[in-house]
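Let chain A serve as the given structure and place chains B and C on it in line with the hints.
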Amino acid sequence: MNLLYTFDLLGTAAFAASGALAGIRRDMDVFGVLVLGLVTAIGGGTLRDLLLGDIPPFIFKDETYLYLSVAVSLLVFLFHRRLAFLTHPLTYFDAVGLGTFVVIGTHKALAFKLGFFGAVMMGVMTATAGGMLRDLLSAKVPMILHKEVYASACLAGGALLYVLQRSAVPPDAAALISAATVIILRLLAVRYNWSLPRAAHRTP
Amino acid sequence: MNLLYTFDLLGTAAFAASGALAGIRRDMDVFGVLVLGLVTAIGGGTLRDLLLGDIPPFIFKDETYLYLSVAVSLLVFLFHRRLAFLTHPLTYFDAVGLGTFVVIGTHKALAFKLGFFGAVMMGVMTATAGGMLRDLLSAKVPMILHKEVYASACLAGGALLYVLQRSAVPPDAAALISAATVIILRLLAVRYNWSLPRAAHRTP
Amino acid sequence: MNLLYTFDLLGTAAFAASGALAGIRRDMDVFGVLVLGLVTAIGGGTLRDLLLGDIPPFIFKDETYLYLSVAVSLLVFLFHRRLAFLTHPLTYFDAVGLGTFVVIGTHKALAFKLGFFGAVMMGVMTATAGGMLRDLLSAKVPMILHKEVYASACLAGGALLYVLQRSAVPPDAAALISAATVIILRLLAVRYNWSLPRAAHRTP
Chain A
1 MNLLYTFDLL GTAAFAASGA LAGIRRDMDV FGVLVLGLVT AIGGGTLRDL
51 LLGDIPPFIF KDETYLYLSV AVSLLVFLFH RRLAFLTHPL TYFDAVGLGT
101 FVVIGTHKAL AFKLGFFGAV MMGVMTATAG GMLRDLLSAK VPMILHKEVY
151 ASACLAGGAL LYVLQRSAVP PDAAALISAA TVIILRLLAV RYNWSLPRAA
201 HRTP
Chain B
1 MNLLYTFDLL GTAAFAASGA LAGIRRDMDV FGVLVLGLVT AIGGGTLRDL
51 LLGDIPPFIF KDETYLYLSV AVSLLVFLFH RRLAFLTHPL TYFDAVGLGT
101 FVVIGTHKAL AFKLGFFGAV MMGVMTATAG GMLRDLLSAK VPMILHKEVY
151 ASACLAGGAL LYVLQRSAVP PDAAALISAA TVIILRLLAV RYNWSLPRAA
201 HRTP
Chain C
1 MNLLYTFDLL GTAAFAASGA LAGIRRDMDV FGVLVLGLVT AIGGGTLRDL
51 LLGDIPPFIF KDETYLYLSV AVSLLVFLFH RRLAFLTHPL TYFDAVGLGT
101 FVVIGTHKAL AFKLGFFGAV MMGVMTATAG GMLRDLLSAK VPMILHKEVY
151 ASACLAGGAL LYVLQRSAVP PDAAALISAA TVIILRLLAV RYNWSLPRAA
201 HRTP
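Chains as they are written, first to last, in full-length UniProt numbering: chain A, 1 to 204; chain B, 1 to 204; chain C, 1 to 204.
Only chain A is shown next, with the shape it has when bound in the complex (with noise of 0.2 Å):
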C-alpha cells in the first residue's frame, strides 16, 4: 500500500497548511500556528483510533505524521506570502487527503468490527475532525457544518468502500474507486460552488 501512505502524507501536508494558514489569519503566534496546524493534520485520525481503542494513536507509532505537520506548518509560517501560488494546487491536494483520510478510517473501523454507519462515520471524523478542531480553536462554528459539500462526498466515498468491500471487487481497487470518488466530487462542489440545503428558519 506505498501509494496510499504517499497520498495520506500528501494529504496530512495539505491539511497542516490549511491549519497553519487559519492560525495567521487569527494572529497567532508561532506556536499557535503549529499548533493549528498539528491538530489540523493529525486531529481526525487521532480521534478515530481513541475511539476504536487503537492506543497509542498512529501519530505515536510513526512520528512522520508529527514532523510533517510542523515541518509544512512552518515553511507556512515562514513563507506564506511566497507561498500563495500554491493556494490553487492546495486544494487538490486537499481533495487527495479528504479521499485518503476517508478510505483509511472507513477501512479501519471496518478492521475493527464496526457496523455499517459506524465505520463511515469514522471514515467521516477521520477526514473532518481535524478541521472541526482547527475552527474550533479558532473560536469559530466549524465550516463543514454550514458551508460547501465536504461531508457528503466524505459520506459517499465511506459508503461505497463499505459496499465495494462486501462485494467481488479486490480490495486495492475498492479503496482506489471509494477515494477517487470522494476526491471527484469534492472538487466538482469547489468548481460548481455546490452547497448543502439549509432549513428555512427565519421567522419574519
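Just so you know, these hints were derived from the structure itself, not from any lab.
Be aware that a few hints might be false.
Just so you know, same-sequence chains aren't split out, so a pair can sit in one copy or run between any two.
[Unchecked claim] In silico lysine-lysine, DSS-like type, Cα no more than 25 Å apart, as pairs:
hint, residue 1, residue 2
1, K61, K113
2, K61, K108
3, K113, K140
4, K140, K108
5, K147, K113
6, K108, K147
7, K61, K147
8, K140, K61
Below, chains B and C alone, put in the same frame as chain A:
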C-alpha cells in the same frame, strides 16, 4: 431493564432534537444539523466510555442510538415548523433523558470501580457533555455553565444513586428513585425558573 | 518522589484557581465556575492518559486531584474579592504547576515508549491542554495560541528532560532541572513581557 432502555432511547431522541434545533438556529446546512443532533445525543455517553476504557463506546455496539439520533435530527430538519407543537413535551422528554443518563452513567462508573466523586462526575458528564459539545460547535459558551439548574439536578441524582446502591434498597428501585429525583428537580427548576448563584464580580 | 507530588498538588490548585477566575469573569454560575476550575486543573493530564491508554485516568485512581480542584474553585467563587492579594503569588504557583506537569507528562510518555516528538508533545499537552479547554469553554481563542511565552517554556523543559534521561544525570536531578527550566523561563517571560513572533499577514 427494559424500562431503562426505553427511557434511554426517549432521552436520546429528545437530546438529538435539541441538538438539531440548535443547528437550525445557527443556520447550518443539513449535514451540520445532523452532526449537532448526533453529538448532543451521544456525546456524553461516548466520552464516558472513553474515560472508563469501555472501548468501542456503546454507540458502536448497538447502532440503534446512531440511527435514532440521525432519524430524529432529519425529521427536525425537514418539519421543524410543523413540529413546533412538540416544544412543550420536549422539555419533559429532555428531563427523562437527563435522569436516565445520570443513572446509567453513575451506575456504569461504579461497576468500573470508580470512587464517589468520579462516579457522580461520570453521571453528570453522561447527561451534560453532549449539550456542552453542541454549544461548543455553535461557538457559544455552554448554556449549562451559566444558566438554569440543570447540572445540580444531575449532581443530586448521581449522589443519591451512590448512597442508595450502598443501602438495602433493591438496585432497580435505587435507579428509579434517583432518575425520578433528577427529572422532578429539573421540571421544578423549569417551572419556577430557578437559577444558581453567581459571583458578584463586576467592579464599579 | 514526595516533592513531586507536593508540586503536583500546588500546580493543580493554581490551575484550578485560574479556571475558576475565568468562569467568574464570564459571569458563570457556581456550577460553571467549578467545571472551569476542574477542567483547567485536570484536563491536560486526563487527555494525556487517554492518549497513552492509561485508563482510567489518574484522577480516578487518586481522587485527591478532584477534591482539591473543586475545593479551590469553591473558595475562589466565594472569596475571590478577598483573595485578590493572591493574584501575584498565583503567577508563581502557576509556573510551578507548568514545570511539574511538563516533567510528569514527558516522563510518563517516555515510560510508555513514545518517541522524542511524541513525548515532548505529551509533556506540553499535560501542562497546556487544561488551559485550552478553559478558553474553549469560555468561547475564546486559547490564550496560549496567540499570547505569551508559555508553551515555549514547556517545549524547552520537555526536550531537556528527554536529553537528560538519556544522559548520566540521575533521574531525580533530571526531573528537577527540567522543571526548574520551565519555571524560570516562564517567570522571566512574565517579568520581561516576552512574546513569540507572529506572521505579518495583514495585507495593506
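Hints broken by the structure, by number, lowest first?
Numbers 3, 4, 5, 6, 7, 8 - these are the hints that the structure violates, sorted from lowest upward.
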